[in-house]
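J.: Listed here are the chains, written in short residue letters.
2 protein chains.
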Amino acid sequence: MKIALAQINTIIGDFENNLKKVIKFTKKAEKRGADIVIFPELTFTGYPPRDLLEKKSFIEKNIEILHRYKKTVGETAAVVGFVSWNKNNTGKPIFNSGAFIHKGEIKLIFDKCLLPTYDVFDEARYFEPSKKAKGFLEFKGKKIGLTICEDFWNEPEIFQHRLYQYDPVEDLANKGVDLFISIMASPYNVGKIDFREKIYKTVAKKYGIPIATVNLIGGNDDILFDGNSFCVDSNGKIFSKAYDFKEDLLVVDFENGIGKIKETSKSEEEEILKALIMGTRDYTHKCSFKSAVIGLSGGIDSALTAKIAADALGSENVVGVMMPSMYSSEGSIKDSEKLAKNIGISLKNVPISETYYKYLKILNPHFEGKEKDKTEENLQARIRGNILMAFSNKFGHLVLSTGNKSELAVGYSTLYGDMCGGLAVISDLLKTRVYKVVNFINRNEEIIPHEIVEKPPSAELRPGQKDQDELPPYEVLDPILSLYIEDLLSPSDIVSQGYPEKIVKKITTMVDKNEYKRRQAPPGLRITSKAFGYGRRLPIVQKFFLNEGK
Amino acid sequence: MKIALAQINTIIGDFENNLKKVIKFTKKAEKRGADIVIFPELTFTGYPPRDLLEKKSFIEKNIEILHRYKKTVGETAAVVGFVSWNKNNTGKPIFNSGAFIHKGEIKLIFDKCLLPTYDVFDEARYFEPSKKAKGFLEFKGKKIGLTICEDFWNEPEIFQHRLYQYDPVEDLANKGVDLFISIMASPYNVGKIDFREKIYKTVAKKYGIPIATVNLIGGNDDILFDGNSFCVDSNGKIFSKAYDFKEDLLVVDFENGIGKIKETSKSEEEEILKALIMGTRDYTHKCSFKSAVIGLSGGIDSALTAKIAADALGSENVVGVMMPSMYSSEGSIKDSEKLAKNIGISLKNVPISETYYKYLKILNPHFEGKEKDKTEENLQARIRGNILMAFSNKFGHLVLSTGNKSELAVGYSTLYGDMCGGLAVISDLLKTRVYKVVNFINRNEEIIPHEIVEKPPSAELRPGQKDQDELPPYEVLDPILSLYIEDLLSPSDIVSQGYPEKIVKKITTMVDKNEYKRRQAPPGLRITSKAFGYGRRLPIVQKFFLNEGK
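Those protein sequences? They're chains A and B, same order as listed.
Numbering-wise, the first sequence is residues 1 to 550 according to this note's numbering.
Numbering-wise, the second sequence is residues 1 to 550 according to this note's numbering.
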């Protein structure tokens with residue numbers, strides 16, 4: 001039996017175009033002799049559709065599209081994901097479903113049993129879970145078990161604490177399945193690809209049943225899907241694999257265990273870079289922007305953001321804007337010029353001092369007797385934000401913000417200033433990871449100028465300012481942030497891992513106190529298991545951090 | 001049997017202070033001869049704690065506090081809400097629980113069965129549901145049924161389509177309960193109080209069992225709890241009721257069906273106004289701000305916001321800032337002065353024209369050959385935003401933003417401009433409702449000057465600009481917005497209700513296209529069943545609106 005994994009990039013709610021793409025991939029699979037072509041979870045709606053799922057017209061449209069697609073299916077059977085109505089009079093009104101279609105007819109509809117409701121996932125908000133695995137059918141002499149994403153993520157050998165009591169995979173395996181098909185929309189984060197493969201390898205080996213998986217690729221707002229669709233044989237070995245971070249159609253011969261292994265990323269940094277480029281391209285283009293504008297400070301964050309934008313959109317579609325003040329070092333300008341030349345983007349220079357002094361002039365009568373403080377520093381950052389937004393409004397460029405995760409975590413950033421933008425490209429990269437990715441980019445030749453890489457980080461909002469005057473060194477800060485944010489450890493747990501108590505208290509309090517800023521931040525591309533945004537929902541008003549450990 | 005309803009205002013995660021308050025109310029209830037004192041759902045953590053529930057240290061602290069409280073409980077028994085560990089090795093790690101405590105001992109722990117997972121609620125994200133109602137005990141000769149909030153919200157006489165299969169109330173009633181106790185954290189929205197009472201009245205009558213309810217009061221970020229705790233007799237009649245929007249301790253004699261009926265709001269407008277004042281006060285004070293700053297445009301939105309702030313924080317703690325440009329009408333200044341005088345707030349004047357021209361000077365070299373457009377209009381709004389933020393930074397005032405729901409819906413607002421702020425006070429009020437609330441404020445005397453109420457709405461960003469040049473009249477716009485956002489109707493459904501197709505298409509497309517702005521808006525006080533924010537989660541990138549109805 002030949003299975004085609006159709007690893008496609010869809011747009012949420014773009015039913016007509018998603019349908020066209022699905023038909024195109026189906027025809028290709030047919031030409032290449034596939035018996036079955038399989039598509040990602042929620043094929044026609046895109047994933048995650050969020051509260052669009054609460055609109056009746058959205059569900060009806062997706063069913064209409066399914067039926068139009070059904071008629072186009074011929075010899076090559078197809079497995080697609082869609083939303084079906086729950087016809088019972090209790091429970092959520094819809095199911096997250098799959099359909100097995102052959103020769104113009106739906107042969108089987110199966111509903112997702114396990115609904116992820118954690119981190120970025122809200123499936124219990126919308127869907128009724130199926131209480132029993134219904135994805136079982138015989139096709140061309142094979143017994144096939146059909147599942148949807150999370151249905152596979154409850155294997156006791158992997159999860160010591162299981163989130164769900166029911167195990168649909170066990171249930172289907174006990175029915176004597178010859179082959180599993182798993183359609184997924186499984187988002188990327190660092191470490192996820194290995195973990196995902198481990199689950200499927202473990203299950204295949206445990207039951208001695210091969211598995212074909214297909215995953216979504218593409219960026220939808222902040223969430224990035226990596227593809228990496230693969231097939232596992234009955235010994236738990238991956239024998240075929242699709243590309244990462246791009247569309248693919250992989251046709252796999254399960255009879256003989258033959259399929260290509262496409263080249264995928266070789267390092268964490270390569271993987272992250274591909275993810276961010278894809279995410280930036282998809283957000284920009286899916287929002288119907290062609291070009292982007294970025295404030296270039298002469299620092300490493302804006303340099304990395306600009307490089308990613310140039311790779312994502314074409315360097316001719318990226319504008320860098322330098323906005324020097326009286327506190328900017330001369331290097332800032334020269335280094336930005338070198339960067340712009342290296343990556344081929346155009347460069348503008350809009351000095352801000354005059355505007356800054358004008359603000360002081362109109363504000364000073366009201367600020368009499370008050371010392372200079374953060375007010376004046378923030379003002380500079382906000383003038384720069386306004387200028388970038390003016391470029392955006394005038395030329396239709398998307399503003400890409402350049403803050404990293406360390407800054408955003410401790411609030412070392414100005415709301416409505418450097419936080420301005422439609423998309424935060426590197427907001428899920430701790431500063432130490434920013435350096436690692438830049439070093440990867442520079443592995444063969446100097447693309448990000450070494451002057452930028454080597455200079456001590458500074459916001460340049462007052463004379464001689466350095467990040468390290470106000471923050472611990474990033475080598476200390478970042479692991480604390482990672483333990484606190486990604487691993488959810490308490491300050492005292494972090495201290496017990498050997499970090500200085502005073503610093504841990506200071507940092508974790510800063511993280512909590514700056515929730516209000518992050519609430520107004522642009523969406524940021526998610527590359528860790530816990531990014532700021534949808535997957536991390538904290539109250540702004542809360543006093544736990546003040547009392548913790550007391 | 002005498003039951004005390006302790007309707008308290010807590011702060012999320014502020015365990016020590018919440019505990020103090022609970023002890024204080026318990027002692028008071030004891031003095032007043034109560035047999036049982038009951039507290040709102042999740043008494044010690046506050047509601048909703050959101051992802052703080054994923055922190056082990058948070059759960060452990062809440063259990064420590066419960067045990068410290070337990071020791072203080074004497075003759076008067078207490079019912080409190082807390083988070084308990086799920087000791088099974090499958091499922092979510094915690095339960096949303098209640099404890100019945102008497103004479104220093106926990107007599108019963110019961111877990112919530114029905115977990116709301118819709119709108120602003122995410123309970124399935126955190127909690128394992130209890131499969132069986134365990135809230136049953138005998139106390140002083142009475143059989144008492146104990147439930148938590150949503151457990152009561154599955155009555156088939158009320159909900160034709162039930163979200164849950166299990167009915168814990170029916171189960172307990174069948175055990176022969178003499179009295180129900182329901183501890184709640186049930187947020188306010190227009191129409192909610194009647195609906196909530198209807199559920200409890202229906203259930204009490206159906207089973208012939210009286211009910212004591214207690215609800216939270218206070219604002220937690222965007223979510224407002226109205227209190228309105230009440231008692232229903234076995235005929236379904238409310239015979240005692242606590243205040244709305246303030247703390248209360250209501251002691252009710254269930255033996256004789258005697259209890260006070262406190263005075264609550266008499267109109268929708270009064271209710272909304274109380275909700276917004278409480279929400280503004282709580283957000284400001286719980287965030288440790290004392291004072292607020294507001295941009296006064298001379299329009300009705302900023303006038304209403306200023307009046308609410310003055311009532312919430314004391315007029316001496318509110319600063320109004322006028323920021324006239326060359327396009328501001330003379331009336332704007334005079335009207336703002338009159339308003340400030342009427343409501344007793346201080347007033348600053350910071351003209352923006354010079355700063356605006358300075359921006360044009362530095363930008364124009366880059367904008368050659370381009371016409372004036374939205375860029376220049378947004379620039380003015382953003383200068384104003386910067387000035388307000390400078391006042392905030394310099395004096396420690398919270399910036400209150402003044403946009404209404406109609407504006408925010410269609411994107412008739414400037415990101416980083418008039419959308420700046422820590423809290424959006426009236427962002428869940430459609431413009432027509434803004435007028436209604438202002439008329440309520442002015443019912444006895446002119447507080448908001450009539451000049452402000454009567455002038456045609458204008459952003460004053462170019463000469464002679466009026467809202468109605470770009471938008472349909474608010475009397476047409478607002479019902480369409482309400483049907484689209486609150487009732488989730490499709491554009492074609494709205495058209496079939498008699499609204500012009502062209503306008504409906506235009507408006508609904510504007511709503512969808514401006515999701516990106518709202519994603520970066522400050523939290524806004526929620527007063528309808530569907531506010532922007534946590535309760536409404538839409539992708540930024542989506543193309544459904546372009547295709548709908550095609």
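These aren't lab readings, by the way, just hints derived from the structure by calculation.
Check before you lean on any hint, since a few could be wrong.
Chain copies aren't distinguished; within one or between two, either way the pair holds.
Unchecked claim - Here are the simulated DSSO-like cross-link-like pairs (lysine-lysine), alpha carbons at most 27 Å apart as the crow flies:
{"no.": "1", "residue 1": "K513", "residue 2": "K394"}
{"no.": "2", "residue 1": "K517", "residue 2": "K530"}
{"no.": "3", "residue 1": "K394", "residue 2": "K370"}
{"no.": "4", "residue 1": "K87", "residue 2": "K132"}
{"no.": "5", "residue 1": "K290", "residue 2": "K374"}
{"no.": "6", "residue 1": "K237", "residue 2": "K140"}
{"no.": "7", "residue 1": "K338", "residue 2": "K28"}
{"no.": "8", "residue 1": "K358", "residue 2": "K374"}
{"no.": "9", "residue 1": "K370", "residue 2": "K358"}
{"no.": "10", "residue 1": "K21", "residue 2": "K466"}
{"no.": "11", "residue 1": "K132", "residue 2": "K517"}
{"no.": "12", "residue 1": "K206", "residue 2": "K71"}
{"no.": "13", "residue 1": "K513", "residue 2": "K132"}
{"no.": "14", "residue 1": "K27", "residue 2": "K175"}
{"no.": "15", "residue 1": "K131", "residue 2": "K87"}
{"no.": "16", "residue 1": "K28", "residue 2": "K71"}
{"no.": "17", "residue 1": "K358", "residue 2": "K372"}
{"no.": "18", "residue 1": "K513", "residue 2": "K21"}
{"no.": "19", "residue 1": "K56", "residue 2": "K505"}
{"no.": "20", "residue 1": "K348", "residue 2": "K358"}
{"no.": "21", "residue 1": "K358", "residue 2": "K394"}
{"no.": "22", "residue 1": "K505", "residue 2": "K20"}
{"no.": "23", "residue 1": "K290", "residue 2": "K348"}
J.: If you test the structure against every hint from before, which numbers come out violated?
T.: Those not satisfied are hints 7, 10, 11, 12, 13 and 14.
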